[in-house]
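A.B. asks: The chain contents come next:
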Amino acid sequence: MGHSTTLASILAAGFAMGAIYALIGITYNTMYVTSRVMSFTAGQLGMLGGVLGALFILRMGMPLVVGFVLTLLGCAVIGIITEIVAVRPVLKSLDQHLYVLSTLALALMIQQVTAIEWSTEPQAFPKLFGIGSGALDEKFWLPVLACAVAIGGLEWMQRSTLVGRAFLAVAEDNFAARALGLPERNLRIASYALAGVIGGLAGFAGGELMLAFFANGGFLSFYGFVPVALGGLGNNRGAIVGGFALGIFQQAANFLVGGIFASVAVFVVFIVVLLAAPQGLFGTSTARRV
Amino acid sequence: MTISRRKFTLGTASVLGLAAQGSFKPAMAQSESIKIGWLAALTGPSSAPAVGFNRGVVYAVEATNAAGGVKSRKIELITRDTQGDPTKAVNATQEMISSAKVHAIWGPTNSGEALATTPIMARAKIPNLHPCVVNSLIDTTKYPNAFRMAPSNAQWDNAVRNYCLKILKVNKVAVIGDTTGYGTTATGDSVAAFKKDGADVVYTAQIDATQPDMTPDMLRMKNAGADAIVAWSTSTGMAARLFNARASLGWDVPFVGHPSLGSGEVATLIEKPANWEKVYTINYRSCSFDAQGKLPTRTQEFLDKANGKIDLKGTLLWWVLSGVDVINLFSNAVAESGSTASDGIIKYLNSLTRYPGLFGDYTWSPTEHNGYPTDEVVMGAANSSKNGALKLAPGYA
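Top to bottom, those sequences are chains A and B. The numbers in the numbering used here rise by one with no breaks, and the one at position 53 of the first sequence is 117. The numbers in the numbering used here rise by one with no breaks, and the one at position 92 of the second sequence is 241.
Bear in mind the hints are in silico, worked out from the structure with no lab data behind them. Among the hints, erroneous ones may be present.
Cut-off 30 Å, straight-line C-alpha distance, at most; resulting in silico cross-link-like pairs (DSS-like, lysine-lysine) [what the hints assert, rightly or not]: (1) Lys458(B) - Lys223(B); (2) Lys191(A) - Lys421(B); (3) Lys427(B) - Lys191(A); (4) Lys237(B) - Lys462(B); (5) Lys496(B) - Lys315(B); (6) Lys315(B) - Lys191(A); (7) Lys315(B) - Lys237(B); (8) Lys274(B) - Lys250(B); (9) Lys371(B) - Lys191(A); (10) Lys535(B) - Lys191(A); (11) Lys315(B) - Lys184(B); (12) Lys540(B) - Lys371(B); (13) Lys458(B) - Lys220(B); (14) Lys496(B) - Lys274(B); (15) Lys427(B) - Lys462(B).
The model shown is predicted, which means the values in this text are computed figures rather than measured ones.
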């Protein structure tokens, strides 16, 4: 196996995982912009994308399209439940950061219920199209395609639709948007549903790579947070760059040092970047009124 | 004859006194059921072994009771689902000893739980049979009541090493494990034993079982010149990803190792059936098909006798056979010692030499409680499972 094949393998797996991390980062951001809450259910939505996809298509034998739509709907519902159960009750006391506890608790509940009802062992995810092999196998390019579609869709929504603009307005200034008559609560619910769809898409597109496994939730919550921190909270472009950088660097570290040392390498770089730019590479530091 | 109040009081006091001293106990004990506690992780993670053991246990209890019991005493099975949780296992053990007053305990079935429950059973001197692999669980000084009736991790290690060095005749091996406590310990022990036997361990690593792509690790093992890969992990996902990565590299190196490499789950996770070729997993002679596709006579006779009464689907045959053996061992101990007293049961187990069980020929003595014979631990072809038994791996007579 030559250097070119090694490089192809690093790039294929690196871009694939990077796209999944980026999508989970966008999931974090989508929930954050309308509520100012970092919801730790983001990774669980990714996990559910894989588990529900395998459930609907493999176990229940549904056609691919039906299984895909139902998976996204299921994740959207979980997103809405997150807003109602874990976010809305603590919005009045954001400065106490109670959302850390409430969203983490809900994330753990989702993970445990999945472990009990689904399986504690990784389960197969269906081969969606059977296209490509080696470094061009669909399991590597599907997450990248999903990421591109999600970015394009979000850009289009924000630029061309009223709802998208309303999202931006709420994200910019919550009080002003409400004063202008925007239905802030409904927009927040919609943003959590949208986050569910994006997280579910990440898990579904990455299902062939990560399998349908309950433990993917914690893994994605953890690594999906890195691009958010690197790219700046609420900044989707930063999350995308951060996600792909993380994926490529992680896979390269797997080749170079391997095993548990790869994770150490990833977090050393992460900490160094945050020391150099605490607001993230693409974030802007906001002045605090005193 | 007139009974005075004084005589009545004296007589009543005498009867009560005798009863309190246990004078009536033998008569009561002979009719009392034999209570066997069964600490089973029947739900939750790692429940597959206990579910298999349970099929054998329930079959054996029903068969023994249907045949009149043990010297007319019925066996009463007291099962507690520990869910693989050491805390729940400890609570269940204490309840079995203090409240249910069991005469012997079978289980728990995983080492994490056994590490917590074994000292408790030792203090109560409860005869205990278990199948857990961690070496430190057997210590005839600290735990004279605890008997292992399955191989220890050291015996598994021996079987894997012997297969690599003596049958496959490879000298350069890569030894890998997952990042769990078990994976780390087993990998370390295995590396030390290979080196002691003069083998060249060209690569060793702990691999994160959730890592989606195993190509980097496989590539490093290939570049290191490994002629066989020894894997210690209970993760079926990691196993399947390793096999898929091996296929994508076009490398036909054999995998040898932990029984999970042959789990039925792996079949659903590999990209194509051919990826599971040349994978050899720990198995036992009693549960191995020979070259003619036949099981050992003793095993086949039992299966013919059980004839459909035990469900062998989705489990391993050795789990079922062990479950049957445990009930038979405790039954024989009570029959031979004449009581359910713990001393008698422990003395009986300590006296066994090549006791012909279904799973294996057990030997215990007061100074050795590792009862399973090392020579009956063999390797099986991972992809050949049928009714929980495997074909012998190539190279065995």
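A.B. asks: Which numbered hints are broken by the structure, listed smallest first?
C.D. replies: 5, 6, 7 and 11
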